[in-house]
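There are 2 protein chains.
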Amino acid sequence: MIYTCTLNPAIDLFIETKHLKPEVVNRTNSYDIQPNGKGVNVSFILKQLGVDNTALGVGGGFTSEFIEKSLRDQGIKTDFTHIDGISRINVFTRVIETDTEYKEVNNGPIVSSKKLEDFLQKISQLKIGDKLVVSGSFSKGIDPEVIIKIAQMAQQQQFDLVIDTSYPEVKAAVKYRPFLLKPNNEELLSWFDKEDSNDLSTLVKYSKQLIQQGAKNILLSIGSKGALFVNQEQVIFGNAPKIKVVNTACSGDTMLGTFLAGMEQKLSLADNLQRSIAAASSTAATAGLTDFNDVKELMKQIKIEQLEG
Amino acid sequence: MIYTCTLNPAIDLFIETKHLKPEVVNRTNSYDIQPNGKGVNVSFILKQLGVDNTALGVGGGFTSEFIEKSLRDQGIKTDFTHIDGISRINVFTRVIETDTEYKEVNNGPIVSSKKLEDFLQKISQLKIGDKLVVSGSFSKGIDPEVIIKIAQMAQQQQFDLVIDTSYPEVKAAVKYRPFLLKPNNEELLSWFDKEDSNDLSTLVKYSKQLIQQGAKNILLSIGSKGALFVNQEQVIFGNAPKIKVVNTACSGDTMLGTFLAGMEQKLSLADNLQRSIAAASSTAATAGLTDFNDVKELMKQIKIEQLEG
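Chains A and B supply the protein sequences, listed in that same order. Taking our numbering, the leading residue of the first sequence gets 187, the next gets one more, and so forth. Taking our numbering, the leading residue of the second sequence gets 187, the next gets one more, and so forth.
The set of hints was computed from the structure by calculation and includes no laboratory data. A couple of the hints might just be wrong.
Any copy will do: because identical chains look the same in the list, a pair fits if it lies in one copy or spans two.
[Said to hold, decoys possible] Okay, derived cross-link-like pairs now, SDA-like style, lysine to any residue, Cα gap no bigger than 20 Å in a straight line:
hint, residue 1, residue 2
1, K255, H268
2, K207, N293
3, K300, E494
4, K289, N215
5, K430, E355
6, K207, E283
7, K361, Q342
8, K357, E450
9, K394, A456
10, K263, E494
11, K313, Q399
If you're wondering where the values come from, they're calculated on a predicted model, not measured in any experiment.
Please build the complete structure, drawing on both the sequences and the hints.
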């Protein structure tokens, strides 16, 4: 079973308004409410591609209930650890008159050490053949070092750990041989205290360092440039198709979910990378997650190159 | 039984942030989530003063569920008409650096004529001895003329109708002899196409016109000046105490709820008006609704004058 895990889930409230003026009542044009959280998105994508999975998470209140129900409505199993407090609502306000967006990202409630233990108790049940995807930032009260502990548990229990979080602690987790890391270029280079860059040879170099240190596979998204896949045997690269970007927020989650689904479905690495880049691009070209309708068409624009191996 | 009714309930999301800049992620300091809606507030106030009541409303989705659960958690009965769509989340962002507030008020989902009929079916069950409080704006799909229909039903079924909504249709409802209207000075004068004013003699004049046209009682809030009570027999006025205003949003609802509770509790009109103004002022001096702790103290600052009768 594939398990996703969201340690600070959120509801996204998208508001469209003509103007946003201080101290007056701004009556808006419209709003949209979406369940969010990077692990939640990976669950949705996996399920869209027909791959059963279970969403784990740490959340509270009616907002977390909404997120969990949204998952179950799609046929995804949920097993959240429930905390006091109300999981956050993030607000994205698009202002028509000035063509700007205001993004308000809230912190989320505090997780007690007892609740963190309850969550880790669930992880302790995972076993060989299982995959756990840990995505996104962690709630207040959850030390980023927990990713090192989870990596240790993965090695001991022999389940496959997939990490998509930008904390520097990821580097210390690498020695426990996580199955896959999915940074973007900026995250990868920040782990090596380097300036952001999208230079392929630089990105290959540092990806290979992570492989040497223990990571089994790296899936690296490079924004509008495309993506790299790196492991012991090979380095492959795919360019990104040309699209009109609407919102890139969930692109990385889409790429990861699609790639993991492709692994389950035994696609070749090249085909899998090609489909994953196309799906990520499709998500970037829509307001929410891709519906995969244009993915076949986008794939035609993507060429996969074997750089090494 | 007293029934309150909220035809466009909302959740209020209060965000505090250091700054609110366009096109970047603004990580905020804190957030608070509150159930809202003018009828919902009246229900909370009535219950705080020990008066049982039932909250009616027209709402949908997990946000309406949260509002209804918040009411039931306080021991208030609920009987909402459930619609498709998700009841709105309004956003109030306080920006520390500039000491400003951005208020984003959303529209709410559309109510079908079928659902409006379902709601009116509930109203058709009310009978002599019942009171119905209709507060706030109506959802899309609900024509403001429905207030005239409800007023007719009140007269036929002999229940007491209390109206706190600013629609001009209120004036046409007056001939069906509603029990109480609770406008503020601006609303009252707008019904007579007059400029806003807080001049007492002007406000008494137009209040008495509504009484002549059929309204049985008028409770008129006049912002920081105080409040008037007008009926066939008398006109009484109370000044407002001096307070440090935090948020006046729920003051009118507090005044109305307190006044209706005072009627149930057979307070004298003068005592009731005094307590109602104090409670409204207390709410204006706090972030949410008053807890009534400072109401006795605030009452000392309020003098009730018999202007007529």
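Tested hints:
Taking the closest pair of Cα atoms, K255 and H268 come within 20 Å of each other both inside a single copy (14 Å) and across two copies (18 Å). Only between protomers do K207 and N293 lie at most 20 Å apart by alpha-carbon distance; the minimum there is 17 Å, versus 25 Å within a single protomer. In the homo-oligomer, the alpha carbons of K300 and E494 never lie at most 20 Å apart, since the shortest distance is 47 Å inside one protomer and 65 Å across protomers. Taking the shortest alpha-carbon separations for K289 and N215, both the intra-copy value of 17 Å and the inter-copy value of 14 Å come in at or below 20 Å.
When the C-alpha separation of K430 and E355 is checked against a cutoff of 20 Å, the pair qualifies neither within a copy, at 35 Å, nor between copies, at 47 Å. Within a single copy, K207 and E283 get their C-alpha atoms as close as 11 Å, and across copies as close as 16 Å, so both meet the 20 Å cut-off. In the homo-oligomer, the alpha carbons of K361 and Q342 lie at most 20 Å apart inside one protomer (13 Å), although the nearest pairing across protomers, at 79 Å, exceeds that limit. For a Cα distance limit of 20 Å, the shortest separation of K357 from E450 qualifies neither inside one copy, at 26 Å, nor across copies, at 67 Å.
Taking the shortest Cα distances, K394 and A456 sit within 20 Å of each other inside one copy (19 Å), while across copies they are farther apart (81 Å). Proximity of K263 to E494 under the C-alpha cut-off of 20 Å is found in neither arrangement, the shortest distances being 39 Å within a copy and 69 Å between copies. Neither within a single protomer nor between protomers do K313 and Q399 lie at most 20 Å apart by alpha-carbon distance, with minima of 23 Å and 77 Å respectively.
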